[in-house]
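Work out the full structure: start from the sequences and follow the hints.
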Amino acid sequence: MKLLYFAWLRERIGRAEEDLAPPAEVADVARLIDWLKARGPGYAAAFADLRVVRVAVNQDYVPVDHPVRAGDEVAFFPPVTGGSA
Amino acid sequence: MIRVQTEDFDVGAELKALTAGNTAIGGVALFVGLVRDMAGGQAVGAMTLEHYPGMTERQLEKIEAEARARWPLDATLIVHRHGRLEPGDQIVLVICASAHREAALEACAFLIDWLKTKAPFWKSEATPEGPRWVEARAEDDHAAARWQR
Chain C
1 MKLLYFAWLR
11 ERIGRAEEDL
21 APPAEVADVA
31 RLIDWLKARG
41 PGYAAAFADL
51 RVVRVAVNQD
61 YVPVDHPVRA
71 GDEVAFFPPV
81 TGGSA
Chain B
1001 MIRVQTEDFD
1011 VGAELKALTA
1021 GNTAIGGVAL
1031 FVGLVRDMAG
1041 GQAVGAMTLE
1051 HYPGMTERQL
1061 EKIEAEARAR
1071 WPLDATLIVH
1081 RHGRLEPGDQ
1091 IVLVICASAH
1101 REAALEACAF
1111 LIDWLKTKAP
1121 FWKSEATPEG
1131 PRWVEARAED
1141 DHAAARWQR
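For the protein sequence lines, the chains are C and B, in the order given.
The numbers in the working numbering rise by one with no breaks, and the one at position 55 of the first sequence is 55.
The numbers in the working numbering rise by one with no breaks, and the one at position 129 of the second sequence is 1129.
Some hints here could point you the wrong way.
To be verified - Cβ-Cβ distance ranges computed for the label pairs, FRET-style:
| # | chain 1 | residue 1 | chain 2 | residue 2 | range |
| --- | --- | --- | --- | --- | --- |
| 1 | B | A1013 | C | K37 | 43 to 51 Å |
| 2 | C | D34 | B | E1139 | 27 to 35 Å |
| 3 | B | E1066 | C | E17 | 40 to 48 Å |
| 4 | C | E17 | B | E1086 | 23 to 31 Å |
| 5 | B | P1072 | C | E17 | 40 to 48 Å |
| 6 | B | E1129 | C | E73 | 28 to 36 Å |
| 7 | B | G1045 | C | G14 | 19 to 27 Å |
| 8 | C | A45 | B | E1061 | 30 to 38 Å |
| 9 | B | E1061 | C | D49 | 47 to 55 Å |
| 10 | B | E1135 | C | V64 | 15 to 23 Å |
Note that these hints are calculated values from the structure, not bench results.
Even for Gly, the Cβ is constructed at its ideal location relative to N, Cα and C.
This is how it looks when you write it as structure tokens:
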């Protein structure tokens, strides 16, 4: 599974992307977040407030109950701030 | 058509290229976003725009397709820049061309509202206290929500 982190999530976790193989019981986004939080304080800090974390699986926005599986590209990032005034 | 790039764009040239040879077009609406020098009452220097290559293009294409399904448009263009930008720099361009003004104006407003809430870009502003990630504003969600039906 390819994991991508953007903006302050990338800074807190300390990397932009990584390839990980979570165990089979990590079957949806919510369980993936719980599993990642246990990997270290940077991850715990990045996922401390899920109200300001958005998730995309294979480049589409998804809710946290969306399934994840091997081979997926899963991205975590803050609410977007493109465009202009 | 959508483009994501670091380079600046020439509004006149883009407009001319988009409408060239299509005399069915009766009206063109365009929006140009600029980098402001103030945010939340604080002076801002340069900013850096990070984005999610791949998803950005995918989301912009989806938003553009949605606009073309909702309004009778003859041509559309979205250009969004990323990388380092200074106050006064152009950051985003949206052009919508149609036989009539109403479709062009409404679709242009729809696209700019939607790309603000859907396109995966993040601004980091240089402030006197150091770089700061810009927080999303609830008003932007409200602006996008008015197009929901």
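Okay, the hints, checked on the actual structure:
A hinted range of 43 to 51 Å holds for the C-beta pair A1013/B and K37/C, which are about 49 Å apart. For the pair D34/C and E1139/B, the beta carbons lie near 33 Å from each other, so the given range of 27 to 35 Å is met. Look at E1066/B against E17/C: about 29 Å separates their beta carbons, and that is not inside 40 to 48 Å. At about 29 Å, the beta-carbon gap between E17/C and E1086/B stays in the expected band of 23 to 31 Å.
In this structure the supplied range 40 to 48 Å holds for P1072/B paired with E17/C, their Cβ-Cβ distance being about 41 Å. A beta carbon spacing of about 35 Å between E1129/B and E73/C agrees with the range 28 to 36 Å that was offered as a hint. Evaluation of the 19 to 27 Å hint for G1045/B and G14/C yields a pass: the beta carbon distance comes to about 26 Å. For the hinted restraint 30 to 38 Å between A45/C and E1061/B, the CB-CB distance of approximately 34 Å keeps it satisfied.
Range check, E1061/B to D49/C: Cβ separation about 31 Å, and the 47 to 55 Å hint is violated. Taking 15 to 23 Å as the suggested C-beta distance range, the pair E1135/B and V64/C conforms, at roughly 21 Å.
In terms of the numbered hints stated before, the structure departs from hints 3 and 9, listed from lowest to highest.
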